[in-house]
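Listed in order, the protein sequences are those of chains V and S.
The first sequence begins at 1 in this note's numbering and counts up by one.
The second sequence begins at 226 in this note's numbering and counts up by one.
Calculated from the structure, these hints are not laboratory results.
All of these numbers come straight from a predicted model, not from anything done at the bench.
Listed next, the in silico SDA-like pairs over lysine to any residue satisfying Cα-Cα at most 20 Å (straight line):
1. V:K153 - V:E211
2. V:K11 - S:L487
3. V:K11 - S:A507
4. V:K11 - S:L489
5. V:K11 - V:G31
6. V:K11 - S:L481
7. V:K11 - S:A488
8. V:K11 - S:A505
9. V:K11 - S:G644
10. V:K11 - S:R482
11. V:K11 - S:Q633
12. V:K11 - S:L502
13. V:K11 - S:Q514
14. V:K11 - S:T500
15. V:K11 - S:R499
16. V:K11 - S:A513
17. V:K11 - S:H472
18. V:K11 - S:A506
19. V:K11 - S:M512
20. V:K11 - S:E486
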Amino acid sequence: MRVLIVEDEVKMAALLRRGLVEEGHLAEVTGDGESAVAMARASAYDAIVLDVMLPRLDGFTACRQMREAGVWTGVLMLTARDSVHDRVAGLDCGADDYLAKPFSFNELLARLRALARRGESPRPTQLTVGDLRLDPASRRVWRGESEIRLSTKEFTLLETLMRRPGVVFDRATLLEYAWDYGYENRSNVVDVYIRYLREKVDRPFGCATIETVRGAGYRLNVPPQ
Amino acid sequence: MSRLAIRTRLTLAFTSAVAVVFLLAGTFLYVRLEHSLDASIDASLQAQAGQVAALIRQADSGLRQGGNTAARSDSFAQVLTAGGRVYDASPQLGSGSLLSAAQLHDAFQHPLKIDRSVLVRGEPEPVRLLATPVSAQGQTLMVVVSASLADRDQALNTLRYELLLGGPAALLVVALSGYLLARAALRPVEALRRETERFSGTDLSQRVTLPQADDEIQRLGATLNGLLSRLERSMSHERQFVADASHELRTPLALLRTELELALRRPRSNDELRTALRSAAAESERMAQLADDLLVLARSDEVELAVARSQTPVADVLGAVVRRFQGGAADAGRRIVIDDRFPGAANLDATRIEQALANLVENALRHGGGTITISATPVSHGLGLSVEDEGDGFDPDFLPRAFERFSQADRARTGRGAGLGLAIVDAIVTAHDGTVTAANRHPHGGRVQITIPNESFRHA
Chain V
1 MRVLIVEDEV
11 KMAALLRRGL
21 VEEGHLAEVT
31 GDGESAVAMA
41 RASAYDAIVL
51 DVMLPRLDGF
61 TACRQMREAG
71 VWTGVLMLTA
81 RDSVHDRVAG
91 LDCGADDYLA
101 KPFSFNELLA
111 RLRALARRGE
121 SPRPTQLTVG
131 DLRLDPASRR
141 VWRGESEIRL
151 STKEFTLLET
161 LMRRPGVVFD
171 RATLLEYAWD
181 YGYENRSNVV
191 DVYIRYLREK
201 VDRPFGCATI
211 ETVRGAGYRL
221 NVPPQ
Chain S
226 MSRLAIRTRL
236 TLAFTSAVAV
246 VFLLAGTFLY
256 VRLEHSLDAS
266 IDASLQAQAG
276 QVAALIRQAD
286 SGLRQGGNTA
296 ARSDSFAQVL
306 TAGGRVYDAS
316 PQLGSGSLLS
326 AAQLHDAFQH
336 PLKIDRSVLV
346 RGEPEPVRLL
356 ATPVSAQGQT
366 LMVVVSASLA
376 DRDQALNTLR
386 YELLLGGPAA
396 LLVVALSGYL
406 LARAALRPVE
416 ALRRETERFS
426 GTDLSQRVTL
436 PQADDEIQRL
446 GATLNGLLSR
456 LERSMSHERQ
466 FVADASHELR
476 TPLALLRTEL
486 ELALRRPRSN
496 DELRTALRSA
506 AAESERMAQL
516 ADDLLVLARS
526 DEVELAVARS
536 QTPVADVLGA
546 VVRRFQGGAA
556 DAGRRIVIDD
566 RFPGAANLDA
576 TRIEQALANL
586 VENALRHGGG
596 TITISATPVS
606 HGLGLSVEDE
616 GDGFDPDFLP
626 RAFERFSQAD
636 RARTGRGAGL
646 GLAIVDAIVT
656 AHDGTVTAAN
666 RHPHGGRVQI
676 TIPNESFRHA
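With the rest of the complex left out, here is chain V (with noise of 0.2 Å):
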C-alpha cells in the first residue's frame, strides 16, 4: 500500500510513518492541506490519512477539494474531533471513513486495507446527470443553478434513478426503492409521481430526460456528451 499521511503534528506523523513502513507499506508525509491536494493530484495513493486541524487549508476543504479535481483515493479522516457533528461534516465532505484519536493502530491499519480493497471508483457527493444535481446530504436538487423543491416521495425516486441514470426500472423495482413493502395501493403511484417529477424536473426546463420505455418502465436519460 502506497498511503499519503496528511499531519502537521510533526511527532505524529513520524510515528504513522514508522508505524506504516514497518508494515511494509509505503508512506509519504506533508503537514499542510494545500500540499496534501497537489500530493494527491500529482502522484497515485492507495490511501489518504488526512487530519482535519491543518495550516492553510483544513482537512474538510482538503478532501472536497480532491473530490473536486477527480481524486477518488480512499480518504481517512483521523481527527481529535469526535463530535457527531464533525464525523457528519468529514464524511459528507467526501471522506470514506472517520477514525477519532487515539486509535488503535491495529484498526487503523484494517481500516486503510479496507480502502485500498474499494478502489478509485468515483464516489462523488452530490448525484449529476446532465445537468440535473442532486446533493442526498442536504437533499436539495438543481437543474443548471436552479434549484427545484421536491417532496420526500419524489426526491427518494429521482434519487433511485439518478444512482443508476440510463438504467430501466420496472414499476415494481422502483416501488420497492422508494416506498416500503406494506405500501397498500399499489395501482399506479409510482406513474403519479413520475408525472410529478416531470412535472418539476423536466417540463419547466423544456427538457424530457425522465423517459417512458414501453412495457419496461422508466429511465432517466443520460445526455450525450
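Given chain V, work out where chain S should sit, using these hints.
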C-alpha cells in the same frame, strides 16, 4: 396554610376579611337599632310618666276609668303609695304591685327603669317600666308607667334573623367569586408554568412566550427568559471548554498510545525501546501539565480561583521565576533580567503570581526572542508587573483573543502549548482583582503588563 394553593389561600384570606367586616357591620347595625328603639321607648315613658304625675297633682289620676289619656291600649300605669299599696292602676293590670319592695325602695332614691314580663289581661307581655316618685296630694307617690317591648323585640329579632341568614349566604357568594377571581388572575402563571415544564433539560434555546401587556406576568416571563439566556451562554461556554479540553487531551493521548503500541508490535532493541519510552514520558508529562492547567481554569470558572494572599517580598517572587528558567534560557542563548523598582512587599499569592510570571516567561522563551525583562514597578494603589522580550511580538490578529482559552497565535502547532498559558495568567490576575494586558513594543518585541491592587477590593 402555606401548603394550600395560592388561589385557595387568597380565597380564604379574602373571605375571612369580608366575614370580619360583615360581623362588625351587622353588630353595629343591630346595636344602633336597639339603641334608637330604646331611646324612643324611653322618651315615650318619660312623657307618659309626666302626664300621669300631672294628673295626680291635680286630683285623682283617674287611671281606673277607661279612656284616660294616659291609659292607651298598649300601655298602662300604676300609682303606688310609699308603703307599696296600689293607689291607682290601669284596668288591664291585676291588683298586685308592679314593683317589689326593694325596687320600690330603690325607686324612691332615683327613677328606676326595669325590663320585665307582666301579666296583662292574663297574658304575659314584655314591658319596660319607669318608676318615678311624685309629690302630690300631701304625700309622696310612686308613678309606674309602662311601654310594651313586643314591637322592639320583634324588630330586633327580625334584624338578627336576617343578619344571621343573609350574612353567611353573602359570604358564600364572596368566597366563590373570590376563588374564581384568584383562579382567573393566576391562569397566566399556570400557563407560564406549563410552558416552562415542557422545556427539556438539554435544550436551553427555548424561551417562554411573553404576553403583550406590560404586567407582572410579562416581567416574570422576561426574567425567566433572561435566566435561560444566561444559562444557555454559560452552558455553551462550558461545552466549548470541555470540547476544547478533550481535543487537547486527545493529541498527547493518541501519541502515547501509538508510541507504545508500535513499540510492542515487534521485538525491539533496547535503544528503540528507550526512545519510545522517553517519547511516551514526554507525552504523559504534557498531559499532566495540561490536566493541571485545566484544573486551574475549571476552578476559576466555578467560584473563583482560591488565592491565599500574604505580604510577600516582590524580589523573592521575581527571583524564583528567573531561577526556574535561567538554565533553559542560557542553553538557548537568551538572557532573563530583573528590573525591580518595587520597594518591599506586596499583598499577593506568591505561588499563583509566580505561576503567572512563569507562563509569561515560558511564552517569551518559546515564541519571542532576545533578552527577557521581568519588571516590578509601583503603580497607584498597587503593584505593576511586566514581562517583555525583544522578539517579533504578538500577531496583531492574535492580540484581541490572546487571553481566551485554547487560542494560539500559530495554528501550525509548532509549539507544544494548548493555548492555555495566557488564559491561566488572566485567571490568576483576575482572582487578585487585577488586570492584565498584552501589547507590542516599539520597535519590536512583546509585552504583557499585570496590575495588582494592593488590597483585594472584593473582600475589603
